[in-house]
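The listed protein sequences derive, respectively, from chains A and B. Counting from 1, one number per residue, gives the positions in the first sequence under this note's numbering. Counting from 1001, one number per residue, gives the positions in the second sequence under this note's numbering.
Among the clues, some could well be false.
What follows is a list of derived Cβ distance ranges for each label pair [claimed, not checked]:
| no. | chain 1 | residue 1 | chain 2 | residue 2 | range |
| --- | --- | --- | --- | --- | --- |
| 1 | B | T1053 | A | P135 | 26 to 32 Å |
| 2 | A | N191 | B | D1409 | 18 to 24 Å |
| 3 | A | P135 | B | V1020 | 26 to 32 Å |
No lab work stands behind these hints, which were simulated from the structure alone. Note that CB positions come from ideal geometry on N, CA and C, so glycine has one too.
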Amino acid sequence: MSAAPAPGATSAGAPLAGAPLIRAENLSRVISGEVPATLITGANLSVDAGAFIAITGPSGSGKSSLLYLLGLLDLPTTGEVYVEGRATSRLSEDARAALRLEKLGFVFQFHFLLPEFTALDNVLLPMRARGRLKPQAMDERAHALLAALGLEDHGRKRPDQLSGGQRQRVAIARALANDPAVLLADEPTGNLDTHSTEQVFAILRRLVDEERRAVVIVTHDLALAARADRQVRVVDGRIVEGVDEGVP
Amino acid sequence: MSARFNLAFSIALTHVRSRVRQTLVGVLGVATGVGFSVMMAALMEGSQRDFITQLVDALPHILVSDEHRAPSPQPAEERYDAAVIQGLTTKAIRPGIKNPYAIMAAISGWVDGAVAPSVQAKAVVRFAGRDRTASVIGVDPKREGQVSKLPTQIRHGTLEDLYRASNAIILGDGLAGKLGARTGNVVAVTGGTGQVLLCTVVAFSHTGVASADDSQAYMLVKTAQILAGQTGLVNEIRVKAQDVMSAREIAARIEAETGYKSVSWQEAHEDLLSAFEIRNLIMYMVVGAILLVASFGTYNIISTITHEKTRDIAILKSLGLPEALVRTIFVLEGLVIGLTGTLLGFALGYTLSLAMGQVEIKSPFMDATHLPIFYSPTHYALAAAVALTASLVAAYLPARKAASLQPVDIIRGAS
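Excised from the complex, chain A in its bound form:
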């Protein structure tokens, strides 16, 4: 984690002047069909550098949908998501993919590592896709990230040779590969035991406190959420607590 920012990569703490890293404005997401389903409605949220936000809510309340909208994995039906002040809903699919690659890091509940690749290869993947670093620099950074997460001896192992906690830490290392300003995590501890949950949470905490990255996690674990700096509660697709008053 203490790996130096990648040369040529966007600095974690360098958003456009005064703009939040992510700002969601009046977001709604409706899935069309015979009976349209509203996943999110009227959501406003701002994510600044160094913020640690926990999104909570009952199952099916729309918290993951909100995270996917913030992470540009999904397009809002109405409203807008700004990344470093830049509106994203009218960007092409490839332009939004480029923003994901450069500015955002994702961690999912089921680690989602590529099963045939080693831990090291999985961490290298986003860097290779971005193609800004030389192979040796990429290799050094991947090793440094794994070491920072206590996985220096596991780089050559495939995901099926790692424990659940180790896999999730590899997933975090992969999410940090391109030195993103924001880390978005969907139930990152949902499948982990208590010990691994503590390890992963401590890592996320360090990212916020020591590296001034923004971390947004979706979690069912209210005790865990209470340890974040800010809680946002979603019920029936609406943010009912932690509403961003500052966002119009």
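For this one, chain A is given, so just place chain B on it according to the hints.
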């Protein structure tokens, strides 16, 4: 771009490596298609070339005969606008080419090749109480070798042996067998006009074609003229061109200059040559069909891999890999399978061609021979082009579908 291509290639290679059984089925499908295509093309073109070589070499390239394309106009037709002509009868004897040696000298002046005279006569050959009809061909041994392969087809003697005796004859070995004649025997040859010659058998000819060997006999031009009862008769001029393919043009010019019917080997075998074109079309259709079937295998495998890899595709896209890169991964998988299958197919095709070349064909009408095989880089290039294009198309369709997946749909489903 090259870093991204390397990434796509390494993911593609990992995918195909990690699915050994599926990859093997795909590779073997393409290899079988390419291998059998190469073998079939080698066999088909080999047989075609062998056949054409036999056609071209067996006979002179151009035959100038004492005939005309259109019958000569009757004097009455030239004198009157309308004339009715009845009761015409054909001559019992062939007219022969007028001034044959002058024509031969003229042809030799501009044709790059050789020219030889020939006399054709029908006869009955009698020996030891047995009679056989025969086509007697009068040849000039010194020139004949330049226009046909006859000298190489002589057994128990040489073509020059025709000079050895006064009425020497070379019998087709089949004809000799039927008559029971051996070299040194004297046979009675009766021409169409009743002229009987007692001829000494000096050798046998063997072309390998049973119908020819059972009915042909050779003697000197002069002897054949006596047999036909026409001194100075030459009813065929044989021409062999250095450039085999120019025979049609040379024949046309000879006919224009002499007025005599000149038939090139292409014209004589026009029906066979057009049959070859149809055969080639069928061959390419069959080869194309084999490779098309193989490409279905590739399509099936890439489809299966993309289906199995739906979650990985979602991961890659959620990380920010562009659609084009995801598409490239699966297209490369198809190409890896196609290329590996093609290379294996080359080896298989070559081995099959070698094996087919060992197969011996026996026929009562021809000498025993091996299946003719023609090895050509074109066959390999053609099979590779079709196989790789088919693999590319077969991989592109599922790759396009995979690249257009929305990651959030899969991630929602997975979590």
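Against the structure, the hints:
1. T1053/B x P135/A: 26 to 32 Å: 58 Å, violated
2. N191/A x D1409/B: 18 to 24 Å: At 21 Å between Cβs, range holds.
3. P135/A x V1020/B: 26 to 32 Å: Cβ of P135/A to Cβ of V1020/B: about 28 Å, so the range 26 to 32 Å holds.
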